[in-house]
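Same order as they appear, the protein sequences are chains A and B. Sequential numbering of the first sequence, starting at 2, is according to our numbering. Sequential numbering of the second sequence, starting at 3, is according to our numbering.
In case anyone wonders, no lab produced these hints; they're calculated from the structure. These figures come from a predicted structure and were not determined experimentally. Watch out, some of these pointers could steer you wrong.
Stated by the list, open to error - Facing chain A, according to a computed beta carbon distance under 7 Å, are these residues of chain B, among others:
{"id": "1", "residue": "Ile12"}
{"id": "2", "residue": "Leu34"}
{"id": "3", "residue": "Thr46"}
{"id": "4", "residue": "Leu47"}
{"id": "5", "residue": "Leu119"}
{"id": "6", "residue": "Gly212"}
{"id": "7", "residue": "Phe214"}
{"id": "8", "residue": "Val231"}
As the list claims (entries may be wrong) - Straight-line C-alpha distance at most 20 Å; calculated SDA-like pairs for lysine to any residue:
{"id": "9", "chain 1": "B", "residue 1": "Lys6", "chain 2": "A", "residue 2": "His57"}
{"id": "10", "chain 1": "B", "residue 1": "Lys6", "chain 2": "A", "residue 2": "Ala146"}
{"id": "11", "chain 1": "B", "residue 1": "Lys99", "chain 2": "B", "residue 2": "Leu111"}
{"id": "12", "chain 1": "B", "residue 1": "Lys58", "chain 2": "B", "residue 2": "Leu253"}
{"id": "13", "chain 1": "B", "residue 1": "Lys270", "chain 2": "A", "residue 2": "Leu112"}
{"id": "14", "chain 1": "B", "residue 1": "Lys6", "chain 2": "A", "residue 2": "Trp149"}
{"id": "15", "chain 1": "B", "residue 1": "Lys6", "chain 2": "A", "residue 2": "Gly54"}
{"id": "16", "chain 1": "B", "residue 1": "Lys6", "chain 2": "A", "residue 2": "Cys144"}
{"id": "17", "chain 1": "B", "residue 1": "Lys6", "chain 2": "A", "residue 2": "Asp143"}
{"id": "18", "chain 1": "B", "residue 1": "Lys58", "chain 2": "B", "residue 2": "Phe39"}
{"id": "19", "chain 1": "B", "residue 1": "Lys270", "chain 2": "A", "residue 2": "Gly54"}
{"id": "20", "chain 1": "B", "residue 1": "Lys6", "chain 2": "A", "residue 2": "Ser147"}
{"id": "21", "chain 1": "B", "residue 1": "Lys6", "chain 2": "A", "residue 2": "Gly145"}
{"id": "22", "chain 1": "B", "residue 1": "Lys6", "chain 2": "A", "residue 2": "Trp153"}
{"id": "23", "chain 1": "B", "residue 1": "Lys6", "chain 2": "A", "residue 2": "Asp56"}
{"id": "24", "chain 1": "B", "residue 1": "Lys270", "chain 2": "A", "residue 2": "His57"}
{"id": "25", "chain 1": "B", "residue 1": "Lys58", "chain 2": "B", "residue 2": "Gly42"}
{"id": "26", "chain 1": "B", "residue 1": "Lys6", "chain 2": "A", "residue 2": "Ala141"}
{"id": "27", "chain 1": "B", "residue 1": "Lys58", "chain 2": "B", "residue 2": "Met75"}
{"id": "28", "chain 1": "B", "residue 1": "Lys6", "chain 2": "A", "residue 2": "Arg150"}
{"id": "29", "chain 1": "B", "residue 1": "Lys270", "chain 2": "B", "residue 2": "Trp196"}
Just so you know, even glycine gets a beta-carbon here, dropped at the ideal spot from N, CA and C.
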Amino acid sequence: MGLVADNVERGFFHRIFLAHDPVDHHDGADLRGFVSADRVSCGVWHGDAVQTGQDHIKILLVFAFLTDSVLKIFGWVVFLDQTGPANFILAWLGLPALPDWVIYSRFAAMLGMVYSLLPFAIFTIFLSVDMIDRTLLRAAYDCGASKWRAFWEITLPLCRNGLIAGALLVFVLSLGAFLEPRVMGGGNSQMAAELIRQTFETRINWPLGSALTLVLLSVTVISILLVSRIMDLSRGSSK
Amino acid sequence: MNRKLSAYVIEIGLIASVIGTILFFYIPILTLIVFSFKEGRYLTLPFEGWTLSWYKELFTSTDVRDATLNSLMIASVATVVSTTVGLGAAQCIVRFKMKGQPVFRAIVLVPLVFPQLLLGVVLLLWFSVLGNLFDFSTGLLTAIVGHCVFLVPFTTIIIGVSAASFDPSYEQAAQDCGATTWEVYREVTIPILWPGIFSAAIFAFLLSWGNFYLTYSLSGTARSLPTFVFAGMGQGASPLFPAIATVTFVLGLLLIVLPDWMRRRAIKRTSAPVKD
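Please model the complete structure; the sequences and the hints are all you need to start from.
Encoded structure:
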C-alpha cells in the first residue's frame with residue numbers, strides 16, 4: 002500500500018509540478034548537457050530528447066490534462082462525427098470514410114477513456130524512468146550494448162514499479178468513468194458508475210446503490226492491495 | 003554501421019511518438035478552436051465561412067454569463083478553502099511525528115482514487131438528509147463544499163512536496179531571535195512554501211473550474227460552465243460551445259504559462275549578478 006501511494010504521490014503529483022518547482026530549474030541547467038550527451042534510449046517516456054524541449058512538452062501535457070474534460074470529450078465528438086473533420090480529412094486524402102463504430106460505440110467510449118487517463122500513466126511512468134541512474138545506461142553502452150538491449154535490460158526492469166503503479170492508477174480511475182461512456186459511447190455502453198448514479202437518483206433505490214458502491218470500492222481496494230503485494234515481493238526477491 | 007542505423011531509427015521513432023502523443027492530446031482542443039469561428043448554426047463541415055459572431059453571442063448571452071459567474075464563484079472559494087486546509091494538512095504530515103501518522107497519510111491520499119461521480123452521489127445523499135433536517139436545498143454552497151472535499155488531497159500533496167524539502171532550522175532561528183509562532187509563520191514558513199502554495203492554488207482552481215462530476219451532482223439548479231456545456235451538447239450544439247471552449251483554453255493556458263514565465267524571469271534576475 003505504502004509503495005503504491007508513494008509512487009502515485011511522487012510520480013504523479015510531484016512530477017506534474019516539477020515544471021513549477023524552482024529547485025528543478027536550478028539543476029536543470031547542469032542536467033541539460035548531461036541528458037543530451039547521454040540520450041537515454043527509453044521508449045516509455047518520450048521527453049528525453051533535450052531538456053528545454055522536455056519542459057515545453059511537460060507544459061503542453063499538463064495543459065491538455067488540466068483543461069475541462071467535458072470540453073475535450075465534446076471536441077472528440079465533433080471531430081469524429083460523420084460530417085466532422087476526421088471524415089473530411091480522410092476524404093481529402095482520398096481515403097474511405099470512417100466506419101460507423103468509430104463514434105457512439107464501445108470503441109468510442111474506450112478511446113475517450115484512454116484520452117482522459119493517459120496523462121496519469123505518462124506522469125507516473127515518467128517519474129520512474131527519470132529516477133533511473135543514467136550512469137547505468139552509460140555503462141551498458143560502454144560494454145557494447147545496443148540501445149534496444151540497454152532499454153530491455155536496464156530501463157525496463159528499473160521502471161517496472163512505475164509501469165505497474167501507472168497501470169493500477171488508470172484501472173482504478175477508469176472504474177469511476179461516467180462522462181466518456183455517456184457522451185462518446187452514445188448511451189449504449191453503460192458502465193458501473195453510471196449504473197450506480199441511476200440507482201441512486203432515478204430509481205431511488207438507496208440500499209441497492211450502496212451495495213453496488215461497496216462492490217466497486219472493494220474492487221478498487223483489492224486491486225490496490227494485490228498490486229502492491231506484487232510490487233513488494235518483486236522488490237524483496239531482487240535484493 | 004548497422005548499429006548506428008538502428009540507433010537512428012530508434013531516435014526517429016521516439017521523436018515521432020512524442021509528436022504523435024501531443025497530436026493525440028490536441029486533436030479535440032484544436033477542433034474546437036477551429037469550429038468556434040464557423041459561420042452557420044451546426045457543427046458540421048464543410049465551412050460556409052468564418053465569423054466572430056459566436057464570440058459576440060458568448061459575451062451577450064445571459065446563460066453563459068450566469069454559468070461563468072457560478073463557475074468562478076465555486077472555483078475561487080473552493081481554491082482558497084482547499085489551499086488553506088491543504089497547507090495545514092501538509093504541515094501536519096511533514097512536520098509532526100505523531101501516532102497514527104501513516105493512517106492519517108493514507109486517509110488524506112485515498113480520496114484521490116475514489117471515483118468522483120460516486121463522491122458526488124454520496125455527498126448528495128448526505129446533503130439531502132441534512133437538507134431535510136436543516137431545511138436547505140442543494141445549490142452553489144453544496145457544490146463548493148463538494149469541490150473542497152475533492153481538492154484538499156491534491157493541495158495537500160502539492161504543498162507537502164515543497165514542505166518536505168523545507169529546512170526547519172530556519173524556523174528555529176527565527177524563534178531564537180524572539181519571533182512569536184505567528185510571526186514565524188508569516189515571515190518564514192509561508193514565504194518559503196509560497197511556490198508550492200501558489201502551484202497548489204492554480205492546480206486547485208483549474209481542477210475546480212473544469213470539474214463536471216461534482217457540480218453535476220451537487221449544484222442543484224445552478225449551472226457551472228461544464229454542466230452548461232454538457233446540457234447543451236445533446237441538442238444539436240451550435241458553435242457557441244466551441245467559442246466557450248476557446249476562451250476557457252486561452253485563460254487556462256495563461257494560468258499555466260504565466261507563472262512559469264514569471265518564475266523564469268525572477269530566476270534570471272536573481273542569478274544574473276552571481277554569474278557576473
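>> When the structure is checked against the list of hints, which entries are broken? Sort them ascending.
In response: Of the numbered hints, 9, 13, 15, 23 and 27 do not hold.
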